[in-house]
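Asks: So the chains spell out like this:
There are 2 protein chains.
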Amino acid sequence: MFLRIDHVGIACHNLEEKIAFYESTFGLTVVSREVNESQGVREAMLHVADGEQGASYIQLLQPLSPDTPVGRFLAARGEGVHHIGYGVPDVTRALAEIGGKGVRLIDERPRHGSMGASIAFLHPKDVGGVLTELVESPKQVP
Amino acid sequence: MFLRIDHVGIACHNLEEKIAFYESTFGLTVVSREVNESQGVREAMLHVADGEQGASYIQLLQPLSPDTPVGRFLAARGEGVHHIGYGVPDVTRALAEIGGKGVRLIDERPRHGSMGASIAFLHPKDVGGVLTELVESPKQVP
Chain X
0 MFLRIDHVGI ACHNLEEKIA FYESTFGLTV VSREVNESQG VREAMLHVAD GEQGASYIQL
60 LQPLSPDTPV GRFLAARGEG VHHIGYGVPD VTRALAEIGG KGVRLIDERP RHGSMGASIA
120 FLHPKDVGGV LTELVESPKQ VP
Chain L
0 MFLRIDHVGI ACHNLEEKIA FYESTFGLTV VSREVNESQG VREAMLHVAD GEQGASYIQL
60 LQPLSPDTPV GRFLAARGEG VHHIGYGVPD VTRALAEIGG KGVRLIDERP RHGSMGASIA
120 FLHPKDVGGV LTELVESPKQ VP
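If you read the sequences in order, they're chains X and L.
Residues 0 to 141, numbered by numbering that gives the first Met the number 0, are exactly what the first sequence covers, in order.
Residues 0 to 141, numbered by numbering that gives the first Met the number 0, are exactly what the second sequence covers, in order.
Chain X extracted, bound-state conformation (with noise of 0.2 Å):
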């Protein structure tokens, strides 16, 4: 079901201190920057590998006003990861399959999330405290 871990979602308070820390300190390299009003997030993914089913990045997180849910992560728990993506080839069918199993789904369908994905949310209760990300990346126009 999973092609790849798609990236790890960091909270941090200043997103542009904490991406020219991850350039400087260990070379990644952002590759987009958005703003995404529905989530209260402005963030960056910075690129680490390429593999044979996507790439994987760093996605550094920083809310959009302390009343987001990043924001009310980092209140509770300061700066750390918040999030684990996983590519998936079809997010509907995954969602459909792993809430078959009795996982409890943050996004009953899914939504927009970086770079053109599509993605949903399950919740980290039923995941053993991991807030787990299911990422659909858009279809490559050959």
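These are computed hints drawn from the structure, not numbers from a lab.
If you're wondering where the values come from, they're calculated on a predicted model, not measured in any experiment.
Incorrect hints may appear among the rest.
Any copy will do: because identical chains look the same in the list, a pair fits if it lies in one copy or spans two.
As a list, the in silico DMTMM-like pairs of lysine to aspartate or glutamate whose alpha-carbon atoms are at most 25 Å apart [to be verified]: (1) K124 to E78; (2) K138 to D89; (3) K100 to E78; (4) K138 to E51.
Given the coordinates of chain X, work out where chain L should sit on it, guided by the hints.
Replies: Showing chain L alone in chain X's frame:
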């Protein structure tokens, strides 16, 4: 410097239960089980994907006792993501390079990690709250 996301380490109370969950819900497969006395953990590596620069895994970690790093993590924060491990070509060189940029090192010298790897941890306070591991996989014998 980073070849891939080698693994994401997830702390849990009951390793066998969590393995069964990841197998049945997400279709992942255990490729290694180990007890690492020096780190105070019983662990399993579940294969997620192969890449140009090696594979990616989910690492499930159960503490051998409450008085271990993962035991204290569980007591303080509950189950969830414990660390990110990045593949590097040469862990000694990466440690020198990263330490030279002012990041505090938990391990000044590499130690033994999962599946024969040489590993070292960076201090989470200097990596935005993320406990960060460097992983040099054992050389493949041709």
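Asks: Evaluate each hint against the coordinates.
Replies: Results of checking the hints against the structure:
1. K124 to E78: Both: 20 Å inside a chain and 9 Å across chains, each within 25 Å.
2. K138 to D89: Intra 11 Å, inter 35 Å, cutoff 25 Å: intra-copy only.
3. K100 to E78: Between. Shortest inter-copy distance 21 Å satisfies the 25 Å Cα cut-off; intra-copy 32 Å does not.
4. K138 to E51: both (15 Å within a copy, 21 Å between copies)
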